[in-house]
Amino acid sequence: MNKYKAFTLTELLIAAVLVGLIILTVTSVDITSRRFFNVVSRRAKVQDEAKIAMEHIVKNVQRGIGDVTNPGTSEGFSASGSQVEVQLDVDGDGRFTGIPPDKKIRYTYNGGKIVYDPDINIGGNEEDLTANMVTNASFNQGSAPNQVDVTIEVLHNPSEAEGLENPKTTLTSSIILRAMSCR
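In the numbering used here, the protein residues as written are 300 to 482.
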């Protein structure tokens with residue numbers, strides 16, 4: 300008999316198949332985890348864009364003033380679906396006089412972006428709050444006096460359909476303006 304021990308052809312084929320299956324499994328797990336990471340990254344980016352815009356809107360609209368003498372009216376702000384205008388009492392005297400430094404600000408949803416105008420009377424200082432990811436935004440008078448309801452919908456790539464690779468996020472907020480005299 301032969302003194303040398305060796306692998307048979309069958310043993311080598313079985314070993315090659317087993318190594319191939321292990322490599323295939325590891326590769327499949329790696330590809331799936333990378334795809335999941337990309338989806339999570341896109342969703343986080345979309346949420347961050349919407350969150351930054353919403354925080355900006357909430358911060359400034361909360362500084363607006365309403366009309367304490369007639370709280371059932373929307374005097375002090377106007378919300379019309381695609382835009383909201385708010386009166387700010389910048390000088391802190393408790394009323395909106397319309398004389399600088401008091402001013403009106405505006406947020407407008409316009410073709411995929413939310414535009415902020417920090418002083419309507421001056422104009423030309425508009426600022427885009429989003430990176431053309433907004434698919435819809437609305438500003439409406441809420442159910443309470445001096446309340447603005449804001450909804451922002453953001454899609455990672457607005458030119459494509461919503462899906463796992465193109466996540467959509469919707470944020471909503473109800474903002475109450477301070478009730479002060481507008482006169």
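Hints listed in this document are in silico derivations from the structure and should not be mistaken for laboratory results. No experiment lies behind these values; they were computed from the predicted model shown. Glycine included, C-beta positions come from ideal geometry on N, C-alpha and C. Take these hints with a grain of salt, some might be off.
As the list claims (entries may be wrong) - Distance ranges between label pairs, derived from CB positions: (1) Phe-335 x Ser-442: 23 to 33 Å; (2) Ile-419 x Ser-442: 52 to 62 Å; (3) Gly-397 x Ala-430: 33 to 43 Å; (4) Asn-439 x Arg-333: 40 to 50 Å; (5) Phe-336 x Ser-381: 29 to 39 Å; (6) Val-328 x Ala-443: 29 to 39 Å; (7) Leu-311 x Lys-350: 15 to 25 Å; (8) Gly-319 x Lys-412: 46 to 56 Å; (9) Lys-350 x Asn-465: 50 to 60 Å; (10) Asn-439 x Arg-341: 21 to 31 Å; (11) Phe-335 x Asn-424: 38 to 48 Å.
Tell me if the beta carbons of Lys-350 and Asn-465 are separated by a distance inside 50 to 60 Å. At roughly 19 Å between Cβ atoms, Asn-465 and Lys-350 fall outside 50 to 60 Å, so the hint is violated.
Can you let me know if the beta-carbon spacing of Phe-335 and Ser-442 is within 23 to 33 Å? For Ser-442 against Phe-335, whose Cβ atoms are near 40 Å apart, the range 23 to 33 Å is violated.
Could you say whether the range 29 to 39 Å given as a hint is met by the Cβ separation of Val-328 and Ala-443? 52 Å, violated
Could you check the hint for me, namely that Asn-439 and Arg-341 are 21 to 31 Å apart, CB to CB? Because 29 Å falls inside the window, the suggested range holds.
Do the Cβ positions of Gly-397 and Ala-430 conform to the proposed distance bound of 33 to 43 Å? Because 34 Å falls inside the window, the suggested range holds.
Do the Cβ positions of Ile-419 and Ser-442 conform to the proposed distance bound of 52 to 62 Å? For Ser-442 against Ile-419, whose Cβ atoms are near 26 Å apart, the range 52 to 62 Å is violated.
Between Gly-319 and Lys-412, does the beta-carbon spacing fit 46 to 56 Å? 51 Å, holds
Cβ distance range 15 to 25 Å for Leu-311 and Lys-350, holds or violated: 58 Å, violated
Does the hinted range 38 to 48 Å hold for Phe-335 and Asn-424 at CB? 42 Å, holds
Verdict for Phe-336, Ser-381 (Cβ pair) under range 29 to 39 Å: 36 Å, holds
Return holds or violated for the Cβ distance of Asn-439 and Arg-333 against the range 40 to 50 Å. Check passed, 41 Å falls within 40 to 50 Å.
Hint check: violations occur at hints 1, 2, 6, 7, 9; the rest are consistent with the structure.
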